[in-house]
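The whole structure should be built from the sequences, with the hints applied where relevant.
There are 2 protein chains.
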Amino acid sequence: MDFIAETTADGVSERHFTLGDVPGVLWTPADATGPRPLILLGHGGGQHKKAPGMVSRGRRYAAACGFAAVSIDAPGHGDRPRTEREDQFSARLRELMAAGEPVGSHVALFNAALAAQAVPEWQSVLDALQESGHAAAAGPVGYWGTALGTGIGLPLVAADPRIGAAVFGCVGHETLTETAARVTVPVEFLLQWDDTLVPRESGLALFDALTSPQKSLHANAGDHMAVPRFEAASAERFFIRHLAPA
Amino acid sequence: MDFIAETTADGVSERHFTLGDVPGVLWTPADATGPRPLILLGHGGGQHKKAPGMVSRGRRYAAACGFAAVSIDAPGHGDRPRTEREDQFSARLRELMAAGEPVGSHVALFNAALAAQAVPEWQSVLDALQESGHAAAAGPVGYWGTALGTGIGLPLVAADPRIGAAVFGCVGHETLTETAARVTVPVEFLLQWDDTLVPRESGLALFDALTSPQKSLHANAGDHMAVPRFEAASAERFFIRHLAPA
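Chains A and B are the protein sequences, given in the same order.
The letter at position 91 of the first sequence is residue 91 when you use my numbering, and the numbering goes up by one with no holes.
Offset between the second sequence (1-based) and my numbering: plus 246.
Since the hints were derived computationally from the structure, they do not count as laboratory data.
Every residue gets a Cβ at the ideal spot worked out from N, C-alpha and C, and that includes glycine.
There could be a bad hint or two in this list.
Claimed, not checked - Calculated Cβ distances over 10 Å to all of chain B for the following chain A residues: (1) 5; (2) 6; (3) 12; (4) 52; (5) 65; (6) 78; (7) 81; (8) 91.
Unchecked claim - Covered stretches of chain A (in silico footprint by chain B; criterion: 3 or more residues with CB under 8 Å from a CB of chain B, positions within the stretch not fixed): (9) 209-221; (10) 234-244.
Next comes the structure, spelled out in structure tokens:
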């Protein structure tokens, strides 16, 4: 793991790194010394590690919660080379949407293909952070990611017992139901009640499939991209409850 | 409206009152002078105005949020005379539960009968508080109540434009769907995902029926009575967002 740049602003240290082909960024409180919760941030489809929603969450977790947070580019996203797979996915997605056809299966298959590559990448990043002795990786670990971030995060959380709490959402059950049944950690799950991309029943079915004894569905009125801003603060409180109880 | 007793503890003033046949209690910050949000607290079936969940919410709204809160006994509950209606309801409810039969319609019809009487009572209490010139009734008004508290609160909020935000939940759509369609204010709606009294689909249908452009469903794993404690704090933030924005 190579740390290639570091800046500090408003009490938050931001460090860019690469691990093999995977570029990432780590946020910590600037004065951080001891172990603290680490939140893995999984961006949505077409986004990247420093999309505004990732940066704002990373900085907020560090500044307001005293956590560390790490974000990486998913395969074919951000600074990583875009492949034919991404181009074909996007072209077909546009076709389906223009035709008013359901996109759930198309998105789910693409997410699953990315997840097969991205899950071991996330695990390697977590390994490397822990092996480096970085204090940011010595505490409990959470995962936050919706849409593609859930498509990758669900199999990651199901596979890796180091992750103790997760925020998911905005994705349906296609290809993910069996994986969800292997998730047992506390989950906060976001669903948009009027989502035109993810049918309501499909999102409800995915929430239902989670085995987690502690799971909360937050369904808000509005379309796919209209998750209310107050859900960001709710996710912070969720992670504090489960990863840093007073 | 006759105020019959007042005590102050931990910075919260608690005043008992009667309005005609209806006994109630008003909580305010002990040092309250100006207008502030007022939360109407509707208790659940078999409970009463000073059930632990009502007292803790009333005191918490006053102490932590600077709000006023008022709770009254529903017809046949608390200090009000229990009638044959309540006895018949309870006996039949026990029969249905012992036989493993669905209770939704039975509960809904009972709640609707109580609501026909309780809605004008709540409106009279609000009228009287406002006419008395009490500062606690000069600000925006919210409503909190689940189960029977929603059975009464939904028609109240649909009927009374003074109420600007409401927390409902733990009840199904029977008899309430048309009323819910007349609710347009922001709503936070609680649903227990494994509720053995209220079928999941019935609760989801009631949430769906609300016309409110801003509505949030909080569905938590667990049975009817297992609403997580953190939902109380979520309701406080909901009321602060809508009734007392910074």
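Do the hints match the structure? See the list:
no., hint, verdict
1, 5, "holds, 36 Å"
2, 6, "holds, 34 Å"
3, 12, "holds, 23 Å"
4, 52, "holds, 22 Å"
5, 65, "holds, 16 Å"
6, 78, "holds, 32 Å"
7, 81, "holds, 40 Å"
8, 91, "holds, 35 Å"
9, 209-221, "holds (count 10)"
10, 234-244, "holds (count 3)"
The earlier numbered hints are all upheld by this structure, with none contradicted.
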